[in-house]
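K.L.:
Full structure from sequences and hints, please.
Number of protein chains: 2
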Amino acid sequence: MANELKDLTKRAVNYSQWYNELVVKADLAEQSAVRGCMVIKPYGYAIWEKMQRQLDDMFKATGVQNAYFPLLIPKSFLSREADHVEGFAKECAVVTHYRLKNDPEGKGVVVDPEARLEEELIIRPTSETIIWNTYRNWISSYRDLPLLVNQWANVFRWEMRTRLFLRTAEFLWQEGHTAHATKEEAQAKAIEMLHVYGDFAEKYMALPVVKGVKTANERFAGALETYTIEAMMQDGKALQSGTSHFLGQNFAKAFDVKFINKENQLEYVWATSWGVSTRLMGALIMTHSDDNGLVLPPHLAPIQVVIVPVYKNAEQLREVDACVAPIVERFKAMGISVKYDNADNKRPGFKFADYELKGVPVRLVIGARDIANGTIEVMRRDTLEKSSEPLQGIENRVSSLLEEIQQNIYQKALRHREEMTFKVDTWEEFKEQIEKGGFILAHWDGTTETEEKIKEETKATIRCIPLDAPEEEGRCIYTGKPSKRRVIFARNY
Amino acid sequence: MANELKDLTKRAVNYSQWYNELVVKADLAEQSAVRGCMVIKPYGYAIWEKMQRQLDDMFKATGVQNAYFPLLIPKSFLSREADHVEGFAKECAVVTHYRLKNDPEGKGVVVDPEARLEEELIIRPTSETIIWNTYRNWISSYRDLPLLVNQWANVFRWEMRTRLFLRTAEFLWQEGHTAHATKEEAQAKAIEMLHVYGDFAEKYMALPVVKGVKTANERFAGALETYTIEAMMQDGKALQSGTSHFLGQNFAKAFDVKFINKENQLEYVWATSWGVSTRLMGALIMTHSDDNGLVLPPHLAPIQVVIVPVYKNAEQLREVDACVAPIVERFKAMGISVKYDNADNKRPGFKFADYELKGVPVRLVIGARDIANGTIEVMRRDTLEKSSEPLQGIENRVSSLLEEIQQNIYQKALRHREEMTFKVDTWEEFKEQIEKGGFILAHWDGTTETEEKIKEETKATIRCIPLDAPEEEGRCIYTGKPSKRRVIFARNY
Numbered sequence: 001m002a003n004e005l006k007d008l009t010k011r012a013v014n015y016s017q018w019y020n021e022l023v024v025k026a027d028l029a030e031q032s033a034v035r036g037c038m039v040i041k042p043y044g045y046a047i048w049e050k051m052q053r054q055l056d057d058m059f060k061a062t063g064v065q066n067a068y069f070p071l072l073i074p075k076s077f078l079s080r081e082a083d084h085v086e087g088f089a090k091e092c093a094v095v096t097h098y099r100l101k102n103d104p105e106g107k108g109v110v111v112d113p114e115a116r117l118e119e120e121l122i123i124r125p126t127s128e129t130i131i132w133n134t135y136r137n138w139i140s141s142y143r144d145l146p147l148l149v150n151q152w153a154n155v156f157r158w159e160m161r162t163r164l165f166l167r168t169a170e171f172l173w174q175e176g177h178t179a180h181a182t183k184e185e186a187q188a189k190a191i192e193m194l195h196v197y198g199d200f201a202e203k204y205m206a207l208p209v210v211k212g213v214k215t216a217n218e219r220f221a222g223a224l225e226t227y228t229i230e231a232m233m234q235d236g237k238a239l240q241s242g243t244s245h246f247l248g249q250n251f252a253k254a255f256d257v258k259f260i261n262k263e264n265q266l267e268y269v270w271a272t273s274w275g276v277s278t279r280l281m282g283a284l285i286m287t288h289s290d291d292n293g294l295v296l297p298p299h300l301a302p303i304q305v306v307i308v309p310v311y312k313n314a315e316q317l318r319e320v321d322a323c324v325a326p327i328v329e330r331f332k333a334m335g336i337s338v339k340y341d342n343a344d345n346k347r348p349g350f351k352f353a354d355y356e357l358k359g360v361p362v363r364l365v366i367g368a369r370d371i372a373n374g375t376i377e378v379m380r381r382d383t384l385e386k387s388s389e390p391l392q393g394i395e396n397r398v399s400s401l402l403e404e405i406q407q408n409i410y411q412k413a414l415r416h417r418e419e420m421t422f423k424v425d426t427w428e429e430f431k432e433q434i435e436k437g438g439f440i441l442a443h444w445d446g447t448t449e450t451e452e453k454i455k456e457e458t459k460a461t462i463r464c465i466p467l468d469a470p471e472e473e474g475r476c477i478y479t480g481k482p483s484k485r486r487v488i489f490a491r492n493y
Numbered sequence: 001m002a003n004e005l006k007d008l009t010k011r012a013v014n015y016s017q018w019y020n021e022l023v024v025k026a027d028l029a030e031q032s033a034v035r036g037c038m039v040i041k042p043y044g045y046a047i048w049e050k051m052q053r054q055l056d057d058m059f060k061a062t063g064v065q066n067a068y069f070p071l072l073i074p075k076s077f078l079s080r081e082a083d084h085v086e087g088f089a090k091e092c093a094v095v096t097h098y099r100l101k102n103d104p105e106g107k108g109v110v111v112d113p114e115a116r117l118e119e120e121l122i123i124r125p126t127s128e129t130i131i132w133n134t135y136r137n138w139i140s141s142y143r144d145l146p147l148l149v150n151q152w153a154n155v156f157r158w159e160m161r162t163r164l165f166l167r168t169a170e171f172l173w174q175e176g177h178t179a180h181a182t183k184e185e186a187q188a189k190a191i192e193m194l195h196v197y198g199d200f201a202e203k204y205m206a207l208p209v210v211k212g213v214k215t216a217n218e219r220f221a222g223a224l225e226t227y228t229i230e231a232m233m234q235d236g237k238a239l240q241s242g243t244s245h246f247l248g249q250n251f252a253k254a255f256d257v258k259f260i261n262k263e264n265q266l267e268y269v270w271a272t273s274w275g276v277s278t279r280l281m282g283a284l285i286m287t288h289s290d291d292n293g294l295v296l297p298p299h300l301a302p303i304q305v306v307i308v309p310v311y312k313n314a315e316q317l318r319e320v321d322a323c324v325a326p327i328v329e330r331f332k333a334m335g336i337s338v339k340y341d342n343a344d345n346k347r348p349g350f351k352f353a354d355y356e357l358k359g360v361p362v363r364l365v366i367g368a369r370d371i372a373n374g375t376i377e378v379m380r381r382d383t384l385e386k387s388s389e390p391l392q393g394i395e396n397r398v399s400s401l402l403e404e405i406q407q408n409i410y411q412k413a414l415r416h417r418e419e420m421t422f423k424v425d426t427w428e429e430f431k432e433q434i435e436k437g438g439f440i441l442a443h444w445d446g447t448t449e450t451e452e453k454i455k456e457e458t459k460a461t462i463r464c465i466p467l468d469a470p471e472e473e474g475r476c477i478y479t480g481k482p483s484k485r486r487v488i489f490a491r492n493y
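As you go down the protein sequences, you meet chains A and B in turn. First residue of the first sequence? That's 1 in the numbering used here, and the numbers climb one at a time after it. First residue of the second sequence? That's 1 in the numbering used here, and the numbers climb one at a time after it.
Since the hints were derived computationally from the structure, they do not count as laboratory data. Watch out, some of these pointers could steer you wrong.
Since the list gives no way to pick one copy over another, a pair counts as held whenever it fits inside one copy or between any two copies.
DSS-like, lysine-lysine: derived pairs with alpha carbons at most 30 angstroms apart [said to hold, decoys possible]:
(1) Lys-60 with Lys-346
(2) Lys-262 with Lys-346
(3) Lys-312 with Lys-262
(4) Lys-484 with Lys-237
(5) Lys-459 with Lys-101
(6) Lys-25 with Lys-60
(7) Lys-203 with Lys-60
(8) Lys-481 with Lys-211
(9) Lys-25 with Lys-258
(10) Lys-50 with Lys-60
(11) Lys-90 with Lys-455
(12) Lys-262 with Lys-25
(13) Lys-253 with Lys-107
(14) Lys-90 with Lys-107
(15) Lys-50 with Lys-332
(16) Lys-107 with Lys-258
(17) Lys-25 with Lys-253
(18) Lys-237 with Lys-423
(19) Lys-332 with Lys-203
(20) Lys-101 with Lys-455
(21) Lys-436 with Lys-10
(22) Lys-183 with Lys-211
(23) Lys-50 with Lys-339
Bear in mind the structure is a predicted one, so any value in this text is a computation, not a measurement.
P.N.:
Laid out in structure tokens, this is it:
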């Protein structure tokens with residue numbers, strides 16, 4: 001592990017390689033034998049579980065319930081909604097057979113050609129179609145609405161170029177699918193869930209995000225409006241971290257889902273869907289970590305505090321063990337997850353490097369001399385600062401320190417984003433700035449044509465039109481046509 | 001809902017139909033548009049979530065960590081372990097293509113014949129193969145062992161005859177996969193996890209189970225020993241509720257997973273795997289429920305207590321609302337999940353029938369007269385007994401009552417199993433008894449041949465050899481050959 005750390009590429013040398021190595025070296029995830037599919041290792045999964053648990057609680061607080069819908073979707077369902085099929089039908093995993101048989105030539109097993117499905121099944125790339133087909137039987141009156149359902153599931157999109165967590169063929173996510181009696185209620189729900197994502201990102205991931213709406217060109221296939229939270233990574237590139245869609249009546253019409261309203265009239269149901277995925281793990285890693293390894297926000301760290309003993313002999317270790325035992329109990333009683341690592345087969349230096357690599361927010365080190373002095377060494381992972389603190393009451397100081405670290409890394413990420421956000425008013429300036437990274441606030445004429453030309457020439461996309469973008473008269477940086485507000489351009493993951 | 005209850009088939013009329021109807025009427029699950037795949041509805045999923053949470057805590061208490069492995073498995077992996085391929089390769093979902101394209105004839109989308117995979121991928125029926133292929137890179141020394149990993153996942157087995165929860169093509173489960181340095185440690189782990197399952201079944205599901213070992217014929221494909229918990233349903237049929245496998249070195253050999261032991265020698269790793277699935281939902285429903293609907297054990301009920309107001313006018317309702325509000329708060333503070341249903345669009349009688357159908361353990365009814373008298377009506381779902389109780393301190397009495405119900409339904413199920421367990425010593429008696437259902441304790445000569453003949457003639461299988469079966473000299477009921485202990489025969493789900 002100490003060697004692994006030594007080998008970690010520096011961010012300044014190659015940010016992309018630093019990320020790829022860090023994911024593997026910190027035991028978060030790895031490539032599997034199946035192209036594009038990852039294995040999420042226990043340490044990485046423990047972080048994902050904490051994210052899941054918190055998001056799930058937040059969803060439930062808004063009245064959402066969980067359910068589960070089938071993994072496989074009949075091929076014909078995908079064609080029902082015209083935009084949706086364009087977006088999702090192309091790169092997907094197709095199940096065509098339901099049986100294998102022994103190879104007649106004795107070489108393992110082969111697909112049984114007689115077990116061909118009448119209609120092929122698709123591994124869900126997203127579940128609007130199968131869910132709205134189900135909702136048809138669940139909804140008949142306004143009394144059945146709103147229907148607020150979420151599922152935690154795996155989905156599959158056959159991506160050609162994959163990167164651990166950021167873009168994988170199979171990924172884990174949650175997808176909320178709500179049904180409403182009115183357009184206004186559905187729109188409000190889509191925005192409400194965007195704010196849930198924003199709050200989660202900021203309070204738990206320490207990830208500042210811009211909340212905004214996507215342009216028509218960047219909308220979810222089948223949505224009337226796509227809301228997004230956009231984060232900035234350390235290299236100045238944007239990472240779309242969660243989206244919430246107002247689907248209008250598109251899926252209700254495609255799957256014939258109507259309800260009797262209060263005026264006793266038959267009407268199509270209004271819909272939203274919203275999701276975040278294991279991609280958030282990528283955002284978490286890339287936002288806070290450094291050349292020494294991961295930096296985890298205390299609110300999501302599987303181990304918040306590690307205690308490492310230093311000792312010369314078994315007697316000293318016993319002394320430290322005895323001193324630490326009640327401290328561990330007090331941490332646990334406070335709901336702080338703590339690990340006392342007194343394993344005898346690794347040197348303290350090795351442990352220090354390992355827990356740094358793993359991003360444990362606070363490290364405590366204690367030896368015989370500390371005990372004699374009534375002190376303990378405290379190291380905070382975000383700044384790597386060390387200090388000697390009184391042993392007495394250390395739990396309370398660590399508890400405050402964890403909150404301080406949480407705030408500090410959020411503020412650091414926020415400052416970075418602010419420093420890397422630029423107002424640009426000319427096309428020359430735009431082309432120059434986009435090479436240096438960051439968010440560019442610029443005027444745009446509102447057409448897909450211009451958006452696509454800018455993307456072609458600079459690889460920059462419109463990340464979003466911020467919800468709080470002030471009205472401001474201006475001229476499109478590309479065409480010079482009039483514009484009412486600035487949008488955010490960036491290169492993105 | 002009241003109508004739905006009225007229509008529920010009685011158990012005595014048709015137990016199987018009663019079950020099928022109950023699952024749907026109580027809003028637990030339903031068939032989906034994809035053959036053999038179910039939709040788990042919010043109320044059913046809420047029960048499954050409680051089961052998951054509890055099991056997950058119990059696994060973690062034994063040192064197990066969660067991780068996630070790919071959904072898809074290369075076809076060739078299945079052939080690596082000779083017994084495993086026989087058991088699982090046959091009825092599985094095969095992914096052969098990775099792209100759809102627009103139908104040249106304009107009818108939706110078709111499989112793109114040019115997007116054929118070089119090697120077909122199988123949707124995991126179970127994950128031993130992909131996991132042991134991964135473990136090869138995780139294990140090199142005894143210091144890497146034991147490796148104790150679990151995953152919560154969906155799996156797929158192409159079943160021809162499916163029933164909601166009991167046997168579905170796709171189902172949700174957890175699969176633990178552990179790796180050990182010694183045979184003894186792996187065997188002990190397989191048995192430890194069996195006891196975790198047994199404890200969970202008894203303490204949370206109120207489901208008495210027999211812990212035992214499967215015969216060679218009934219073993220998991222690839223295991224040296226399969227341990228099982230077997231439960232008895234109300235119709236006297238057995239339901240295998242969870243299994244834990246000692247896999248020996250079979251998968252380590254198939255995927256070349258070796259480690260350097262403490263003596264510095266290279267050795268194959270020892271393995272276990274163990275799983276329970278949404279099938280447990282079927283066991284839960286069938287064990288306790290009655291002709292009025294579900295009966296849920298309080299430890300797993302999403303709503304433990306429902307409070308229904310009775311009132312003549314809005315003023316009375318306001319009075320009841322005011323009286324109930326602090327009671328609800330006190331229940332919540334005690335960690336009891338409570339629902340106060342003062343919805344004005346349904347009559348109390350309708351609500352009573354609905355919550356009975358949904359199996360809510362305790363119902364409280366309160367009206368103006370109760371408030372005047374300082375009383376509240378308490379109905380327990382298991383016995384349907386009603387009583388009037390003092391309003392003062394009702395939370396504590398309900399809390400005790402919930403525990404009483406939990407114990408009572410366990411004892412009732414246990415008594416049923418005991419009354420339906422028979423020692424049988426002759427073949428004539430065996431054939432007669434098996435028609436009446438129940439567990440038959442009988443001697444068997446230990447051969448697969450005899451086991452299969454008995455199954456052919458009576459449809460009875462050997463559910464297990466109980467771990468606590470006393471040694472007893474006897475003669476096989478079928479062949480008359482000598483036997484050392486009785487095994488459990490039953491017809492099964």
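K.L.:
Does each hint hold? Answer for all of them.
P.N.:
A quick look at each hint next to the structure:
1. Lys-60 with Lys-346: between (44 angstroms within a copy, 25 angstroms between copies)
2. Lys-262 with Lys-346: Classified as between; 16 angstroms across copies, 70 angstroms inside a copy.
3. Lys-312 with Lys-262: between (79 angstroms within a copy, 25 angstroms between copies)
4. Lys-484 with Lys-237: Answer is within; shortest intra-copy Cα gap is 25 angstroms, inter-copy 72 angstroms.
5. Lys-459 with Lys-101: between (49 angstroms within a copy, 27 angstroms between copies)
6. Lys-25 with Lys-60: between (35 angstroms within a copy, 24 angstroms between copies)
7. Lys-203 with Lys-60: Classified as both; 17 angstroms inside a copy, 27 angstroms across copies.
8. Lys-481 with Lys-211: within (26 angstroms within a copy, 77 angstroms between copies)
9. Lys-25 with Lys-258: Only across copies: Lys-25 and Lys-258 sit 22 angstroms apart there, 52 angstroms inside one copy, limit 30 angstroms.
10. Lys-50 with Lys-60: both (16 angstroms within a copy, 14 angstroms between copies)
11. Lys-90 with Lys-455: within (22 angstroms within a copy, 49 angstroms between copies)
12. Lys-262 with Lys-25: between (59 angstroms within a copy, 26 angstroms between copies)
13. Lys-253 with Lys-107: Between copies, since 19 angstroms is at most 30 angstroms while 49 angstroms is not.
14. Lys-90 with Lys-107: between (33 angstroms within a copy, 15 angstroms between copies)
15. Lys-50 with Lys-332: So Lys-50 and Lys-332 pass the 30 angstroms test inside a copy (17 angstroms) and across (24 angstroms) alike.
16. Lys-107 with Lys-258: between (53 angstroms within a copy, 26 angstroms between copies)
17. Lys-25 with Lys-253: between (49 angstroms within a copy, 27 angstroms between copies)
18. Lys-237 with Lys-423: Result: close within a single copy only, 16 angstroms intra versus 73 angstroms inter.
19. Lys-332 with Lys-203: Answer is both: 22 angstroms inside a copy and 26 angstroms across each meet the 30 angstroms cutoff.
20. Lys-101 with Lys-455: Cα proximity of Lys-101 and Lys-455: across copies only (26 angstroms, versus 50 angstroms in one copy).
21. Lys-436 with Lys-10: For Lys-436 and Lys-10, only the intra-copy Cα distance (19 angstroms) is at most 30 angstroms; the inter-copy one is 73 angstroms.
22. Lys-183 with Lys-211: within (21 angstroms within a copy, 55 angstroms between copies)
23. Lys-50 with Lys-339: Close inside one copy (17 angstroms) and across copies (28 angstroms); limit 30 angstroms.
Checked against the numbered hints given earlier, the structure satisfies every one of them.
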